[in-house]
Amino acid sequence: MAACIAVIAKENYPLYIRSVPTENELKFHYTVHTSLDVVDEKISAMGKALVDQRELYLGLLYPTEDYKVYGYVTNSKVKFVMVVDSSNTALRDNEIRSMFRKLHNSYTDIMCNPFYNPGDRIHSRAFDTMVNSMMMQVC
Amino acid sequence: MEQGPAGGSGAAAAASTGGLLLSLSETEQQRYSELFSRCCPPPEAAAGGSSVGELFRASQLPPDTLHQITEVCGAKRVGYFGPAQFYIALKLIAAAQSGFPVRIESIKNELPLPRFMALKNDTEVRYGTPAEFHGVKFQVPHATLEKNSYKRTDEGDKQEPKSPPMSPICSPPASPSTYQRIPLSYGYGKARSGLEQQLGAPYEVRHSAHQQDGPSGNYGAKSALTCSTPNRSLSVEREQQDSSTQYSDDPWRITEEQRDYYINQFRSLQPDLNAFISGSVAKNFFTKSKLPIPELSHIWELSDVDCDGALTLPEFCAAFHLVVARKNGYQLPETLPETLLPEYLQAACLKPMRDCALFDSYSEPLPSSQQTRDFTRAEVRRSEEVPDNSALIQDGKKDDKQALKVSTTLKTIPKEFQHLTVKTAAQEPNALRARPRSRSYSSTSIEDAMKKGEEPPTPPPRPQKSHSRASSLDLNKIFQQNTQAVRSGWLPPPPPALPPRPSVSQTEQPSEVELHPQMNRPPSQAEENSSAKKEVVLAQPPSKPTRRKLRTEAQGLETPELSPTINVTSSLPAVKPHLPVQKQSSKQKRAIQTAIRKNKEANAVLARLNSELQQQLKEVHKERIALETQLEQLRPVTVL
Numbered sequence: 001m002a003a004c005i006a007v008i009a010k011e012n013y014p015l016y017i018r019s020v021p022t023e024n025e026l027k028f029h030y031t032v033h034t035s036l037d038v039v040d041e042k043i044s045a046m047g048k049a050l051v052d053q054r055e056l057y058l059g060l061l062y063p064t065e066d067y068k069v070y071g072y073v074t075n076s077k078v079k080f081v082m083v084v085d086s087s088n089t090a091l092r093d094n095e096i097r098s099m100f101r102k103l104h105n106s107y108t109d110i111m112c113n114p115f116y117n118p119g120d121r122i123h124s125r126a127f128d129t130m131v132n133s134m135m136m137q138v139c
Numbered sequence: 001m002e003q004g005p006a007g008g009s010g011a012a013a014a015a016s017t018g019g020l021l022l023s024l025s026e027t028e029q030q031r032y033s034e035l036f037s038r039c040c041p042p043p044e045a046a047a048g049g050s051s052v053g054e055l056f057r058a059s060q061l062p063p064d065t066l067h068q069i070t071e072v073c074g075a076k077r078v079g080y081f082g083p084a085q086f087y088i089a090l091k092l093i094a095a096a097q098s099g100f101p102v103r104i105e106s107i108k109n110e111l112p113l114p115r116f117m118a119l120k121n122d123t124e125v126r127y128g129t130p131a132e133f134h135g136v137k138f139q140v141p142h143a144t145l146e147k148n149s150y151k152r153t154d155e156g157d158k159q160e161p162k163s164p165p166m167s168p169i170c171s172p173p174a175s176p177s178t179y180q181r182i183p184l185s186y187g188y189g190k191a192r193s194g195l196e197q198q199l200g201a202p203y204e205v206r207h208s209a210h211q212q213d214g215p216s217g218n219y220g221a222k223s224a225l226t227c228s229t230p231n232r233s234l235s236v237e238r239e240q241q242d243s244s245t246q247y248s249d250d251p252w253r254i255t256e257e258q259r260d261y262y263i264n265q266f267r268s269l270q271p272d273l274n275a276f277i278s279g280s281v282a283k284n285f286f287t288k289s290k291l292p293i294p295e296l297s298h299i300w301e302l303s304d305v306d307c308d309g310a311l312t313l314p315e316f317c318a319a320f321h322l323v324v325a326r327k328n329g330y331q332l333p334e335t336l337p338e339t340l341l342p343e344y345l346q347a348a349c350l351k352p353m354r355d356c357a358l359f360d361s362y363s364e365p366l367p368s369s370q371q372t373r374d375f376t377r378a379e380v381r382r383s384e385e386v387p388d389n390s391a392l393i394q395d396g397k398k399d400d401k402q403a404l405k406v407s408t409t410l411k412t413i414p415k416e417f418q419h420l421t422v423k424t425a426a427q428e429p430n431a432l433r434a435r436p437r438s439r440s441y442s443s444t445s446i447e448d449a450m451k452k453g454e455e456p457p458t459p460p461p462r463p464q465k466s467h468s469r470a471s472s473l474d475l476n477k478i479f480q481q482n483t484q485a486v487r488s489g490w491l492p493p494p495p496p497a498l499p500p501r502p503s504v505s506q507t508e509q510p511s512e513v514e515l516h517p518q519m520n521r522p523p524s525q526a527e528e529n530s531s532a533k534k535e536v537v538l539a540q541p542p543s544k545p546t547r548r549k550l551r552t553e554a555q556g557l558e559t560p561e562l563s564p565t566i567n568v569t570s571s572l573p574a575v576k577p578h579l580p581v582q583k584q585s586s587k588q589k590r591a592i593q594t595a596i597r598k599n600k601e602a603n604a605v606l607a608r609l610n611s612e613l614q615q616q617l618k619e620v621h622k623e624r625i626a627l628e629t630q631l632e633q634l635r636p637v638t639v640l
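First to last, the sequence lines map onto chains A and B.
For reference, each letter of the first sequence is one residue, going 1 to 139 in UniProt numbering.
For reference, each letter of the second sequence is one residue, going 1 to 640 in UniProt numbering.
Misleading hints may appear alongside valid ones.
Now the in silico label distances, taken between C-beta atoms and shown as ranges [as the list claims (entries may be wrong)]:
(1) Glu54/B / Asp128/A: 29 to 35 angstroms
(2) Leu617/B / His29/A: 26 to 32 angstroms
(3) Ile625/B / Asn94/A: 38 to 44 angstroms
(4) Asn284/B / Thr108/A: 27 to 33 angstroms
(5) Asn274/B / Asn12/A: 41 to 47 angstroms
(6) Asp93/A / Leu627/B: 19 to 25 angstroms
(7) Asn274/B / Thr129/A: 30 to 36 angstroms
To give a feel for the contact side, a few chain B residues facing chain A, derived at Cβ under 8 angstroms [unchecked claim]:
(8) Ser280
(9) Ala282
(10) Lys283
(11) Gly329
(12) Pro333
(13) Glu334
Hints are computed from structural coordinates only; laboratory data are not their basis.
Keep in mind that this is a model prediction, so the values were computed, not measured.
Every residue gets a Cβ at the ideal spot worked out from N, C-alpha and C, and that includes glycine.
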């Protein structure tokens, strides 16, 4: 269960960012922003030759005391960043991967919508529903 | 109380209440089913005891009356509030509130709706939740439109204009009660004026914002009318009636007319019914509906089930239906209702696809349809540009003018779709006239017969405003700022009575507006010269036929233009030979005068038309500007 999920466009501006409401959301925004550097680093580290084979899932970008940040990049350089609470140790890598896969699928569904202009902020209700299901349930 | 068995227990329960026969009116049925759904979440078929109790207490009847009601309705006996018991109980409450004793007999009368105070609001129940109880089918057909005496505050205004479910198809003349329902809810957007005429009733989608039972009610009424007797009862056989004739409260069900309209629209975009409409084409099409983009986006999300960026026919029907519903004020559901699922629609769509093939075969031989087809292809190409709206509006208006003279059939086709419907309007009248109504989803022979019998009766007068375009889109909302006069010009495309006037000719006609005055002026000059009368007379008759004929128009317009000018120059020398031809000239005078009168009348008509068109042009320009500014605002601004 994520604390914050963000979809970043190719130009590194957010298309969609959603946090658990109780926390200071700005903190999450900042975290996501800083994580972009790490994402870029990982992408460039793979080298140009490997671009085709590059795995979309980037794995743990960096851990902090409170949380861990995971990253995922699509072939169109759209980045998904997920901030997960560190105390949630039960969350395995596979689960994170599956969450990213779901995000990616929903994102492609949005892309298929002719009324969506690429580069717009994402307002899709279906996407919201899906993201909500992945967010930490705040009691 | 225990929860009863799910599904078709309604009838069983009904039967078990000692064969109690209950006839409900439209409004009653809607109200009751709403209430039932509030008390009873969809999966179960019986109402939860606590919520029922709450509801009953809200009726403000003394507790012992409520106990009596519970007993009488049979809930005590069966141990739960099934749909039948619930409805009977509601009726008893109504009876009790009206002062009748709590007995079975009292509910056989017509009663006002039961009143419940301070109920929580449940707009979700009203909207969009897919047909909640499939197991329960109640008979409808009741004559009177009861006023909604419901006091739920925020639902009050919504329910008020509620029109009883009606089947645009079935209105047997034998039952005047059902007939009066026809004006209030008519089939959804119909491209086919011919069909409209045959069905013979005007379409009034929106008196109010909502017409929930419009579509569903059609089915309800249909099923009722199949037996063609006014009073129905809760009988098991009713339940087993075709699955397509569901009952009330389902705005998400597509009626046949709607389906036909959608299919026609689909064909206008994509002739092959088995193929897709691409995303961009669909986007342009739905953008014309002038819904805000986020809503259209949501509609797309709902309807494009396989998320492939293209719409198949059932997906398109679902999307269109959602657009239509939204335009009529319904909130969009969060998920696609069952009745709009492609699989569901696919089954139903198979038949119309067959019939659409028939359409083509019928319309082929019509020359007018050929012209219109070409024309509409051009129109579809142009449809991406906004300015052509004005041209299309002109076409539409020309059509309207003629339609005014001929018939009062209505189709509330939205203006945006006008150009698409122009083609079908010209085609279909001829096609459909010839073709018997073989399509029936609920396939009972009686219904077919009734549908055919439906065609002759003339439509009752339009109860309300303006536009007669057969559609479910409510132009009233969009064009509320328009004047009535302007709007009344938005009448249907040429009705069947005028097939020889294809839409093509109408584009020519606005040009006539300018030419006519010119033609009339020179002739009036020449008429003063008796010598020139001969030429004038010759000039006058050619001007009349040009109004009707497409080909000769150019020629006809030219000759009167040329001849009057010639007349003017030759007027002076022609004065002398005037005297010998005086007798002839008097006859000519009379002829000329009648011609002048006719021309003046035509002038007046065309001038009026012209002013209306100008007004509309202005409005369209305004809208265009508004849309452009909107577009500018909506352009994404890249941040960071």
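Now the hints, each set against the structure:
no.	hint	result
1	Glu54/B / Asp128/A: 29 to 35 angstroms	holds (33 angstroms)
2	Leu617/B / His29/A: 26 to 32 angstroms	violated (49 angstroms)
3	Ile625/B / Asn94/A: 38 to 44 angstroms	violated (55 angstroms)
4	Asn284/B / Thr108/A: 27 to 33 angstroms	violated (22 angstroms)
5	Asn274/B / Asn12/A: 41 to 47 angstroms	holds (44 angstroms)
6	Asp93/A / Leu627/B: 19 to 25 angstroms	violated (49 angstroms)
7	Asn274/B / Thr129/A: 30 to 36 angstroms	holds (32 angstroms)
8	Ser280	holds (6 angstroms)
9	Ala282	holds (6 angstroms)
10	Lys283	holds (4 angstroms)
11	Gly329	violated (19 angstroms)
12	Pro333	violated (10 angstroms)
13	Glu334	holds (6 angstroms)
Against the hints set out earlier in the document, violations occur for numbers 2, 3, 4, 6, 11, 12.
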